[in-house]
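Take the sequences, apply the hints, and build the full model.
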Amino acid sequence: MTSEFTNRLKVFRAERNWTQTDLADQLGVSRQTIQALEKGRYDPSLPLAFRISRLLNQPIEAIFIA
Amino acid sequence: MNVETKTTNAKNHMDALTVGLCTLTVVGAGATAAMPFWPQQLGNAPSIGVVVLAAGLAVFLALHTYYWWRDLDEAAKEAHKWAWWWGGNIGFIVGAAVFLTAALAGVDILPAPIPHTDAALIAAGFIAAFAAQAVGYGIAWCGWWIARQ
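Listed in order, the protein sequences are those of chains S and Z.
For the first sequence, this note's numbering begins at 1 and goes up steadily by one.
For the second sequence, this note's numbering begins at 1001 and goes up steadily by one.
Keep in mind that the hints were calculated from the coordinates and are not lab data.
Be aware that a few hints might be false.
Facing chain Z, from chain S, some residues (calculated, C-beta under 10 Å) [unchecked claim]:
| id | residue |
| --- | --- |
| 1 | Q32 |
| 2 | T33 |
| 3 | L48 |
Selected chain Z positions facing chain S (in silico; Cβ < 8 Å) [to be verified]:
| id | residue |
| --- | --- |
| 4 | D1073 |
| 5 | A1075 |
| 6 | A1076 |
| 7 | W1145 |
| 8 | A1147 |
| 9 | R1148 |
| 10 | Q1149 |
In silico DMTMM-like cross-links for lysine to aspartate or glutamate, where the CA-CA straight-line distance does not exceed 25 Å [as the list claims (entries may be wrong)]:
| id | chain 1 | residue 1 | chain 2 | residue 2 |
| --- | --- | --- | --- | --- |
| 11 | Z | K1077 | S | E38 |
| 12 | S | K39 | Z | E1078 |
| 13 | Z | K1077 | S | D22 |
| 14 | S | K10 | S | D22 |
The C-beta atom is built at its ideal place from N, Cα and C for all residues, glycine as well.
And the structure:
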């Protein structure tokens, strides 16, 4: 069960010294969802991708790579 | 709506529901007068409190389910939808096949103490179908999350 694209979510999170729980709380999702996203086993919806983009202050294409 | 506001709103809704349920319980226990305008065909009239409590519980369950679903994140919703479709349907088909095979093979499906009436057999079929769907749902839900961890 893998995504059709890779993402750099874990890298950006680590750069900010955030735990998965920190990121989950700020996005309003569960830690399990962050784990699934980081492992590329769940593709976020467009609204969630935009929330991630805004939170990390990065363009979507810098986070999610086809 | 930001994440903090959403969390606070969800907590306020649940608190309101809890207060409402407590009030209903007091009314249910306290209002012992018989329910007026109760159709005689339905037997003895229950107390007003019991009727209010039952109606309130139905509303409480509906609202609680609504708030619970609304506050789930998208992955959790996806897991439930996937489990409902695949787990529920496959569970139902497998359960029905097992139930029918057992029935056709002459296996006594109902426990001995229960009278083997048509109503009991229909109830057993309903419970078996529901249980099979619930088991399928649970397995599929666990499988969805395990595959993504």
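Hint check results:
1. Q32: holds, 7 Å
2. T33: Because about 4 Å separates T33 (chain S) from the closest Cβ in chain Z, which is inside the 10 Å limit, the hint holds.
3. L48: With a minimum Cβ separation of about 6 Å from chain Z (threshold 10 Å), the hint on L48 (chain S) holds.
4. D1073: With a closest approach of 4 Å, the D1073 (chain Z) hint holds.
5. A1075: Holds, because the Cβ-Cβ distance from A1075 (chain Z) to chain S comes to roughly 4 Å (cut-off 8 Å).
6. A1076: Hint holds; A1076 (chain Z) Cβ to chain S Cβ min 6 Å, cut 8 Å.
7. W1145: holds, 7 Å
8. A1147: At 4 Å from the nearest chain S Cβ, A1147 (chain Z) passes the 8 Å test, so the hint holds.
9. R1148: holds, 4 Å
10. Q1149: holds, 6 Å
11. Z:K1077 to S:E38: holds, 18 Å
12. S:K39 to Z:E1078: holds, 17 Å
13. Z:K1077 to S:D22: The given pair, whose Cα atoms are some 21 Å apart, holds under the 25 Å limit.
14. S:K10 to S:D22: holds, 12 Å
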